[in-house]
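Protein chains: 2
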Amino acid sequence: MPQTYRLDKNAIHCRWNRDLPPALTIDPGDTVIFETPEITRGQITRESTSEALKTLEFALIHQISGPVAIRGAEPGDTLVVEILDVKPKAWGYTFVLPGFNLLTDDPAFQEPFLMTWDLSEGTKAEFKPGIVVPLQPFCGVMGVAPGEPGEHNTVPPRRVGGNIDIRQLVAGSTLWLPIEAPGALFSCGDVHGNQGDGEVCGTGIEMESLVTLRFDLRKGENLPELRFQMSGRMTDAWNSAGWYCTTAHGPDLWQNTQQAIRYMIDWLKREHGLTDHEAFALCSVACDLKISEVVDAPNWIVTAAMPLGVFVG
Amino acid sequence: MPQTYRLDKNAIHCRWNRDLPPALTIDPGDTVIFETPEITRGQITRESTSEALKTLEFALIHQISGPVAIRGAEPGDTLVVEILDVKPKAWGYTFVLPGFNLLTDDPAFQEPFLMTWDLSEGTKAEFKPGIVVPLQPFCGVMGVAPGEPGEHNTVPPRRVGGNIDIRQLVAGSTLWLPIEAPGALFSCGDVHGNQGDGEVCGTGIEMESLVTLRFDLRKGENLPELRFQMSGRMTDAWNSAGWYCTTAHGPDLWQNTQQAIRYMIDWLKREHGLTDHEAFALCSVACDLKISEVVDAPNWIVTAAMPLGVFVG
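Chains as they are written, first to last, in our numbering: chain A, 859 to 1171; chain B, 859 to 1171.
Treat the hints with caution; some may be incorrect.
Identical copies go unnamed one by one, so any copy, or any two together, can satisfy a pair.
As the list claims (entries may be wrong) - In the DSBU-like style, the derived pairs of lysine-lysine whose C-alpha atoms are separated by at most 35 Å in a straight line are:
{"id": "1", "residue 1": "K986", "residue 2": "K947"}
{"id": "2", "residue 1": "K867", "residue 2": "K1127"}
{"id": "3", "residue 1": "K982", "residue 2": "K867"}
{"id": "4", "residue 1": "K912", "residue 2": "K1077"}
{"id": "5", "residue 1": "K1127", "residue 2": "K1077"}
{"id": "6", "residue 1": "K1077", "residue 2": "K982"}
{"id": "7", "residue 1": "K945", "residue 2": "K1127"}
{"id": "8", "residue 1": "K1077", "residue 2": "K986"}
{"id": "9", "residue 1": "K945", "residue 2": "K982"}
{"id": "10", "residue 1": "K982", "residue 2": "K1127"}
{"id": "11", "residue 1": "K986", "residue 2": "K867"}
{"id": "12", "residue 1": "K1127", "residue 2": "K947"}
{"id": "13", "residue 1": "K982", "residue 2": "K947"}
{"id": "14", "residue 1": "K912", "residue 2": "K867"}
These aren't lab readings, by the way, just hints derived from the structure by calculation.
Take these sequences, add in the hints, and give me the full structure.
Dropping the structure here:
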């Protein structure tokens, strides 16, 4: 008989480590409701200003919920994670931290920036008057312990997941993770109320959340890297009003991505009166990033696509 | 009074060159119906087999329609291209040419592969029994002459457009091109009945077409690189049945893109019984490519997303 467990917000850790004791052990088929914490361990509150970023202890990021051990899970198996529900809390924040974003060398982004969001309406949130972002909450971090012993930083994504920031992993999607450590040792957190592809300014709408996931095992599948399935439309909530798109061409997809975002920032400043930081933040919480062209050497194209549905004023 | 012109399929050229005589000269506000040719100058016909690729004269690619001069267009102006209609013809083809695709070094793709499509139904086309792709036709090539004198190959995309392969540029979208040469000298062609992001196997559904575009000018805007606006949903035609997604992580977006496509090919072979070449071709005509993660050094994530709506069997 499948069980439902609740993991409270004290069951947290801050590094991946296959030798951490499980906060909970479950059977395949069981469901867990995670009270996921805010990622900085309370260094940012609803009353914080940009000043808080100047003393931010980055080593405390990410605070995540878990680990959950799954009985019978062995290296080579696949952990099936059904995303049943991700509930936004009452408020969130977005920051631009110099040195941790897509445009670290740009003069416009050498100062810290912090904004907070009122999320109490539950389905959408005002960025500033005239600009509204729908809420499409998902876990920025979902993953299992790497097989290699020792502590592993939570920032870079890995084949076993972690800080993957795949904004399509909303309720209704299913994630498949390759297992490297006995018991799998799943953790999650860093929930974003919304985020654009790539989370370009370094943060989405960061918030606490209540996350409900159901787990299962597929034995001996030897999945090479995580994959997932979405049900329904890719970007349903803001898909109907059209998109404004900038493009950047060149031989390096990374530099093209930077340049396409710079063009989008320019447009948001000129057409919608945003500041550099506001524009970067809106890209990070709302903008799609597509690889449009990748075979016609020497130039590839990256497209940044802003859903026009966010402009309601 | 705005005019409508028709440019027949003999008005073609094969290189960008600011000194080509215009096939047509129009005023801002005018509309042109282009009879766009197949890109290889007839080297591939409906009866061709993979053998035709072994002697393909690549230097004849791309055959494109134009150039069209716009009165009053000067360097620094923006050419506004409204995409009014793109009509598919009765058949098309997709090929994998060794050395010209995203996976040029992979052992599976060292032999040429050619398939043809029956497009006569007009709204969708059968890939093979059980797999149907909706038609969302757009011009793979739209651009104006580069400012630098001389001949320029049509293969790489440039800031003034060209072989941009942006699959969202369907009817209803508007493209803005920076102008570098007096008169702008616009050309188009390489129409794809459908294509996935990145056209990964090197071709979409290649076909002749009837393309209707309306032109306008914005003076002295100094647009740094082409951009565009889409009306309506990004991927409406096949968005409702869900998506199967592979991901690849690592420090190089280009290698991640290759790897995500390799994973998708593996899945299409195992789950849907496709051959390597069929799977590569289906990715090239149907698969989305998203940059999911680009700030959490040292690893970025590229996601390849296959719309499940194509599997009808």
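Each hint, compared with the structure:
In this assembly of identical chains, K986 and K947 lie within 35 Å of each other by CA distance solely inside one copy; the values are 19 Å within and 47 Å between copies. Proximity of K867 and K1127 under a CA criterion of 35 Å is satisfied in neither setting, with 39 Å inside one chain copy and 43 Å between copies. Within a single copy, K982 and K867 get their C-alpha atoms as close as 25 Å, which meets the 35 Å cut-off; across copies the closest is 50 Å, which misses it. In the homo-oligomer, the alpha carbons of K912 and K1077 never lie at most 35 Å apart, since the shortest distance is 47 Å inside one protomer and 44 Å across protomers.
For a Cα distance limit of 35 Å, the shortest separation of K1127 from K1077 across copies, 20 Å, qualifies, whereas the shortest one inside one copy, 52 Å, does not. When the C-alpha separation of K1077 and K982 is checked against a cutoff of 35 Å, the pair qualifies neither within a copy, at 40 Å, nor between copies, at 38 Å. Taking identical chains as interchangeable, the C-alpha atoms of K945 and K1127 lie at most 35 Å apart only when both belong to the same chain, with a minimum of 32 Å there against 37 Å between chains. Only between protomers do K1077 and K986 lie at most 35 Å apart by alpha-carbon distance; the minimum there is 32 Å, versus 49 Å within a single protomer.
With identical chains, the CA atoms of K945 and K982 are at most 35 Å apart within one copy only, with a shortest distance of 12 Å there and 39 Å across copies. In this assembly of identical chains, the alpha carbons of K982 and K1127 lie at most 35 Å apart only when taken from the same copy (23 Å versus 41 Å across copies). Taking the shortest alpha-carbon separations for K986 and K867, only the intra-copy value of 31 Å comes in at or below 35 Å, while the best inter-copy value is 51 Å. Taking identical chains as interchangeable, the C-alpha atoms of K1127 and K947 lie at most 35 Å apart only when both belong to the same chain, with a minimum of 30 Å there against 43 Å between chains.
With identical chains, the CA atoms of K982 and K947 are at most 35 Å apart within one copy only, with a shortest distance of 12 Å there and 44 Å across copies. For the identical chains of this complex, K912 and K867 are intra-copy neighbours only, at 26 Å inside a copy versus 63 Å across copies, given an alpha-carbon limit of 35 Å.
In summary, the numbered hints that this structure violates are 2, 4 and 6.
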